[in-house]
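Colleague: Going down the list, the sequences are from chains R and U.
The first sequence begins at 1 in full-length UniProt numbering and counts up by one.
The second sequence begins at 1 in full-length UniProt numbering and counts up by one.
Just so you know, not all the hints are guaranteed correct.
Note that identical chains are pooled: a pair holds if it fits in a single copy or bridges any two copies.
Unchecked claim - Within a straight-line C-alpha distance of at most 25 Å, the following computed DMTMM-like cross-link-like pairs (lysine to aspartate or glutamate) qualify:
1. Lys38 x Asp150
2. Lys73 x Glu27
3. Lys73 x Asp125
4. Lys38 x Asp13
5. Lys73 x Asp13
6. Lys73 x Asp150
7. Lys73 x Glu135
8. Lys82 x Glu115
9. Lys63 x Asp11
10. Lys82 x Glu101
11. Lys102 x Asp11
12. Lys63 x Glu101
13. Lys75 x Glu32
14. Lys63 x Asp13
15. Lys75 x Asp13
16. Lys75 x Glu59
17. Lys73 x Glu59
18. Lys73 x Glu101
19. Lys38 x Glu27
20. Lys38 x Asp97
21. Lys82 x Glu32
22. Lys75 x Glu27
Simulated from the structure, these hints should not be mistaken for laboratory data.
This one's a predicted model, so the numbers in the text were calculated from it and none came from an experiment.
Number of protein chains: 2
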Amino acid sequence: MTESNLPENDDFDLRNFLPFLLNQAAEQSSLEFQQVYKNRYGMLRTEWRVLFHLGIHGEMTAKEIGERALIHKTKVSRAVAKLAHRRYLTRTRDENDRRSEKLALTTAGQAVYRELRGIAEEYDDRMAAQFTRGESALLRMMLRRLAGMD
Amino acid sequence: MTESNLPENDDFDLRNFLPFLLNQAAEQSSLEFQQVYKNRYGMLRTEWRVLFHLGIHGEMTAKEIGERALIHKTKVSRAVAKLAHRRYLTRTRDENDRRSEKLALTTAGQAVYRELRGIAEEYDDRMAAQFTRGESALLRMMLRRLAGMD
DNA sequence: GCTTGTTAGTTACAAAATCAACTATTATCC
DNA sequence: GGATAATAGTTGATTTTGTAACTAACAAGC
Numbered sequence: 001m002t003e004s005n006l007p008e009n010d011d012f013d014l015r016n017f018l019p020f021l022l023n024q025a026a027e028q029s030s031l032e033f034q035q036v037y038k039n040r041y042g043m044l045r046t047e048w049r050v051l052f053h054l055g056i057h058g059e060m061t062a063k064e065i066g067e068r069a070l071i072h073k074t075k076v077s078r079a080v081a082k083l084a085h086r087r088y089l090t091r092t093r094d095e096n097d098r099r100s101e102k103l104a105l106t107t108a109g110q111a112v113y114r115e116l117r118g119i120a121e122e123y124d125d126r127m128a129a130q131f132t133r134g135e136s137a138l139l140r141m142m143l144r145r146l147a148g149m150d
Numbered sequence: 001m002t003e004s005n006l007p008e009n010d011d012f013d014l015r016n017f018l019p020f021l022l023n024q025a026a027e028q029s030s031l032e033f034q035q036v037y038k039n040r041y042g043m044l045r046t047e048w049r050v051l052f053h054l055g056i057h058g059e060m061t062a063k064e065i066g067e068r069a070l071i072h073k074t075k076v077s078r079a080v081a082k083l084a085h086r087r088y089l090t091r092t093r094d095e096n097d098r099r100s101e102k103l104a105l106t107t108a109g110q111a112v113y114r115e116l117r118g119i120a121e122e123y124d125d126r127m128a129a130q131f132t133r134g135e136s137a138l139l140r141m142m143l144r145r146l147a148g149m150d
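With the sequences and hints as input, model every part of the structure.
Modeller: Right, here's the structure in full:
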């Protein structure tokens with residue numbers, strides 16, 4: 001049954017619209033992994049992101065994390081507060097610039113990071129396995145470019 | 001200055017982790033477009049998504065929109081209420097199943113849709129122009145697969 | 001037909017994100 | 001050196017989202 005006064009099938013295809021596609025793929029891909037850090041550690045998305053950045057880079061300020069991950073400073077601030085409260089990270093005032101703090105994972109924080117990282121790697125592998133090596137390399141390259149990470 | 005007790009540079013690279021990359025690219029790509037529907041029409045993300053689905057398909061129920069766009073029914077419900085309040089869409093009780101309503105854009109809603117669609121197309125073209133035709137076709141295909149849209 | 005279960009959609013309440021204003025510290029410029 | 005602007009980070013108020021419970025309509029089993 002087709003409508004007469006409304007476009008039943010517009011020529012524009014949302015299924016090919018990049019912002020939409022990116023959003024759907026991002027949504028879908030974060031869903032499964034979210035279950036892990038949420039159910040197992042009661043963490044929020046921003047929190048594991050902060051944790052990962054510190055796990056990878058070893059010592060950063062809140063500002064640096066926010067810039068790299070495109071997370072607003074208030075979100076970072078609250079995530080850091082929560083991670084500090086759980087003793088996953090320590091904050092040390094930077095004596096060169098006493099406005100900022102150097103953040104670093106504690107032993108406990110590193111342990112959590114390592115476990116989540118392992119799961120993340122497996123997950124990444126499973127996703128990439130849907131494509132050939134060349135394809136997934138190209139995909140990562142294109143996403144980095146779209147994200148302005150070049 | 002390198003830290004001794006913490007991994008200064010982990011072998012894991014967040015810059016290649018697909019869920020992260022997807023999220024960054026999605027975030028980045030929605031930012032510019034968001035300015036348009038937010039500043040010009042005071043719309044939220046869910047709202048333009050609902051608007052687009054109706055613009056494309058002509059008549060849908062809230063449930064159908066939610067399924068296609070992976071939006072939770074409460075979010076759809078609120079977006080529909082807001083769009084109806086602004087007279088961008090009308091709701092007609094389905095006489096075959098009086099629980100659900102058929103949603104359709106008004107003339108005003110269609111006008112807004114057409115304008116936003118035009119901007120969306122331009123924007124999509126600019127993004128795709130960063131790659132060859134073959135590359136962007138492949139990108140869309142891979143994103144659809146990752147989004148579980150196949 | 002009536003009890004039980006399901007479904008479409010809404011609403012109330014709790015959690016989280018956004019925005020604006022704030023403190024403390026550092027940088028600039030005269 | 002002192003006023004002014006800029007920066008790192010926090011906090012409180014508002015907005016938006018998520019979760020659960022709810023209403024209304026339909027479906028199935030008996």
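Colleague: It remains to establish, for every hint, whether it holds in the given structure.
Modeller: Verification of the supplied hints:
no. : hint           : verdict
1   : Lys38 x Asp150 : neither (31 Å within a copy, 28 Å between copies)
2   : Lys73 x Glu27  : both (23 Å within a copy, 16 Å between copies)
3   : Lys73 x Asp125 : neither (31 Å within a copy, 32 Å between copies)
4   : Lys38 x Asp13  : between (34 Å within a copy, 22 Å between copies)
5   : Lys73 x Asp13  : between (36 Å within a copy, 23 Å between copies)
6   : Lys73 x Asp150 : within (22 Å within a copy, 38 Å between copies)
7   : Lys73 x Glu135 : neither (35 Å within a copy, 35 Å between copies)
8   : Lys82 x Glu115 : within (19 Å within a copy, 43 Å between copies)
9   : Lys63 x Asp11  : between (44 Å within a copy, 23 Å between copies)
10  : Lys82 x Glu101 : within (15 Å within a copy, 43 Å between copies)
11  : Lys102 x Asp11 : between (53 Å within a copy, 22 Å between copies)
12  : Lys63 x Glu101 : within (9 Å within a copy, 48 Å between copies)
13  : Lys75 x Glu32  : both (22 Å within a copy, 21 Å between copies)
14  : Lys63 x Asp13  : between (39 Å within a copy, 20 Å between copies)
15  : Lys75 x Asp13  : between (34 Å within a copy, 23 Å between copies)
16  : Lys75 x Glu59  : within (19 Å within a copy, 39 Å between copies)
17  : Lys73 x Glu59  : within (17 Å within a copy, 41 Å between copies)
18  : Lys73 x Glu101 : within (13 Å within a copy, 42 Å between copies)
19  : Lys38 x Glu27  : both (15 Å within a copy, 21 Å between copies)
20  : Lys38 x Asp97  : neither (35 Å within a copy, 38 Å between copies)
21  : Lys82 x Glu32  : within (23 Å within a copy, 31 Å between copies)
22  : Lys75 x Glu27  : both (19 Å within a copy, 15 Å between copies)
Violated hints, listed in ascending order, are 1, 3, 7 and 20; each of the other numbered hints is respected by the structure.
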